[in-house]
Amino acid sequence: MARNASPSPERSHDPPPASLSSVAESPVAVRHLVKTFGRRAHATRALDDVTFDVTSGETFGLIGPNGSGKTTLIRILLGIARPTGGDVRVLGRLMPDRRVAMSIGYMSQASALYGDLSVAENLAFFGSLYGLRGVTLRRRITETLALVDLTERRASPVNALSGGMRQRVSLGAAVIHEPHLLFLDEPTVGIDPELRVEFWDYFARLNAKGVTILVSTHHLDEARRCHRLALLRFGKLLALDTPEALLRASGQADFDSAFLYFARRQEVAEPDAPGGAATTIGAMG
Amino acid sequence: MASIRRTLALALRIVRQFARDRRTMALLFLAPLLVMTILNFVLNNSGASVTLAIVPPPGAQGATFASDIQRALDGANGVTTTVISADQVDSTLKSGDADAALVFPDDFFTILATGGQPHIALKLEGSNPPAANQAKQLAAFALAKASASFAPTLPGQTGGGASAAPAVTLDTTYLYGGPQYTQTDALAPMFIGLFSFFFVFLLASVAFLRERGQGTLERLMVSPLSQTELTLGYVLGFTLFATIQSVVILAFVIFVLQVHYAGALWLLFLVTLLLTIGGVNMGIFASAFARNELQVIQFIPLLIVPQVLLGGLFFAVRSLPVVLYQLAYVMPLTWANFALQDVMLKGLGFNDIWPDLVFLVGFAALMVIAAAVSLRQERI
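If you're matching them up, the sequences are chains A and B in order. The numbers in this note's numbering rise by one with no breaks, and the one at position 209 of the first sequence is 217. The numbers in this note's numbering rise by one with no breaks, and the one at position 297 of the second sequence is 299.
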């Protein structure tokens, strides 16, 4: 962490929700994570010495432009990619470990559903993968449909739904088994602002029930709704703190400017770091 | 430890998806029937253009005899007969004016009168096996009719089959398959193998490609579904379709095309099952090397067509040149064809076809491993 010259990564382990659990019990603990792709000479560092903890019951935001390593990080946390160096623990287990699968939920930016099956059939399929069946499965399908407000479309094939509705089904499929830990990779890409607000309201309700959420986004206006934010750029952790603390530390009024501020600091600290801040922001939509 | 419930959930999902895709269902069940109907027509009704040349014994008696034969064949569907002289045989066959020539010896009546066995030569054109077969059957039929009518002196005989006629030997240099079987009979078993393998491979690789493309494979990998359950679920889902397909094809072949069938049904389904397991896993494996549906289609000439050409469907495996012969023996369809033909045509049992089954089990196992390896690379 020291290598990243971040102004405040260690300072704030006081997220707003719930009581602070000890670092050892963090649902997600990442230590000096390195991930490279390709052979030695041409290897690209997708993740470079990333260290952080996610606290139980919080919404932890991963913020960064496309290509900053968010998806790679989430894939490693899910156990479907292997770290090159460092170690990653999810729910206390060193990843990759399939035993955590039952307790985690995952939603990607692609809706990842079976288009020719109905909404209810999709939910039933994913529910049964997690061992739900019979009355419990039916109850969870009903609850999930109500939650994502698709009860009336339960019999519609997913192909016939609008993009926003599909995203809602996708979220439903990620939570049908009531996971303790939810990984959301850009869950609000391509959905309208109204639905985005609904999603974030729902995340807050999940937090209240004790569910830990790790969400990546490049909508900086969503950043404010996270309890803590990790700013990621070129595989490095620029900063990690509450949204308010990050704004305060950067002296900026909005997250776009705050991100730029931390990006410039990184360049000053490491002049040979790749890319420039201006182009980075351009990619952030 | 594989969970049956998860596996069944996956199998059920696959069944649901395909059951909803009407066009794929039509492809799966109607396309084989269409292809077989066309082939049945082409192969067996090519007799519509069969021409049999007759070289009668000399003299007026010979001419009467020839017209007797011609009359006997006139009733047959689209058969043409022509009478030529012995020195015209080669040129007539070469020019394609006749598919076969039935040549009676000059001393035909003399031998018959002395109770001897005249040798009649059947010269087949041969470049068109179905036509040759047809001509052969035609010649035998003609001989039976004509000979019977020619020998009314034998006690209790008023004409009938060849066995009732006076002893006549038909010398054919060209002997191909059992005379009671038509071309479709010989092909039907191979079609059952071909269709179940081909469609299962095609549909499994496309289904799996979609699974990758739409991101659901990632979701499956994140879920507690193990790799074993994933493979089993796919095999189970597709086996259901392959089995229904075999039933449909078999029913069509037996009841509509009226193909001869002798043998144990369960062996047939066992072969289909092994081919399905191999096909599904080959599809999963192949889909790792395809980026879209078009690239899956590109596997067909590479992986399917050689098996169709060399597996015994068009050419007898034993008649292939050495290199191709060896190639044919590493292809699953060849072994499936052997087994299916043995069961359906010869009525052989498990004890006779187990070497074929061993190969198919080996192939299925190899494909399961290949699919597993490709999936493992995906995960990490």
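Source of the hints: derived by calculation from the structure; they are not laboratory data. Be careful, since some hints might not be right.
[What the hints assert, rightly or not] Stretch-level coverage of chain A by chain B, calculated; a stretch enters the list once three of its residues show a Cβ under 8 Å from a Cβ in chain B:
| hint | segment |
| --- | --- |
| 1 | 92-102 |
| 2 | 120-127 |
| 3 | 136-146 |
Keep in mind that this is a model prediction, so the values were computed, not measured. Glycine included, C-beta positions come from ideal geometry on N, C-alpha and C.
Violated hints, by number in ascending order, as checked against the structure | 1
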